[in-house]
Every structure is written in C-alpha cells, then in structure tokens.
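Going from the sequence shown to my numbering is simple: count from 1 and add 291.
If you're looking for bench data, these hints aren't it; they were derived computationally from the structure.
Ideal Cβ placement from N, Cα and C applies to all residues, glycine included.
Worth double-checking, as some hints may not be accurate.
Unchecked claim - Have a look at the derived ranges for each label pair, beta carbon to beta carbon:
hint, residue 1, residue 2, range
1, PRO339, SER308, 39 to 45 Å
2, SER308, THR343, 27 to 33 Å
3, TYR312, MET292, 31 to 37 Å
4, PRO339, GLY309, 24 to 30 Å
5, ALA333, MET292, 32 to 38 Å
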Amino acid sequence: MIPRPVINYRCRHWDGSGRRYCGGPGARRYVIGYRCPLHTPAALAGRPEPNTPESRKEPARDVVQDRRQRAHAPEGHRRG
Numbered sequence: 292m293i294p295r296p297v298i299n300y301r302c303r304h305w306d307g308s309g310r311r312y313c314g315g316p317g318a319r320r321y322v323i324g325y326r327c328p329l330h331t332p333a334a335l336a337g338r339p340e341p342n343t344p345e346s347r348k349e350p351a352r353d354v355v356q357d358r359r360q361r362a363h364a365p366e367g368h369r370r371g
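Could you put the whole structure together from the sequences, leaning on the hints where they help?
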C-alpha cells in the first residue's frame, strides 16, 4: 500500500488590513473555505464551536422543574 502524503491545509481567511491570507496551520474545511481555529465561522461570530462542552450547556435544573410544574398545573392555576 502506498502511503498517502500528509496534507497540512492553511487558513484562507483574508486579513484586509494586512492584505494577506492568515495562513495558519491545521485548518479545517468549511463552506467558506479552509479556516484555522481562530477564524472559524463560530469564532468570528463570538460563539463556541458546535459540539463542544461550552455549546451544550444544559438549562438549570430549577428552570426545568418549574417548566414541568407549570405544564402539569390545573387549567385555572397556570401562571403566565
């Protein structure tokens, strides 16, 4: 079996003020092109990356419990 060459993709985020591409190593492919961790769509929007612990925060237990109590309350006693 022939070994496959290791391809190290570079970030293709355009730095307008520097008039050059970022060129950071270890870029992953996105719809908009190859991006390093600093220039992913989520990073540029100020959000955590999908499927990370920061993006999967569970609601507080007391909030969930309160929603369940409201859902099972009698019709005349529901709070809005």
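Distance restraint evaluation - SER308, THR343, Cβ atoms, bounds 27 to 33 Å: 29 Å, holds
task: Kindly confirm whether 39 to 45 Å is satisfied by the beta carbon distance between PRO339 and SER308.
output: 26 Å, violated
field: Distance restraint evaluation - ALA333, MET292, Cβ atoms, bounds 32 to 38 Å
entry: With Cβ atoms ~37 Å apart, the hint holds.
message: A range of 24 to 30 Å was offered for this pair. Does it hold for the Cβ distance of PRO339 and GLY309?
response: Given range 24 to 30 Å: holds, Cβ gap about 26 Å.
- request: Given the range 31 to 37 Å, decide if the beta-carbon distance of TYR312 to MET292 lies inside it.
  value: 34 Å, holds
Figure legend: structure checked against the earlier numbered hints; the only hint not met is number 1.
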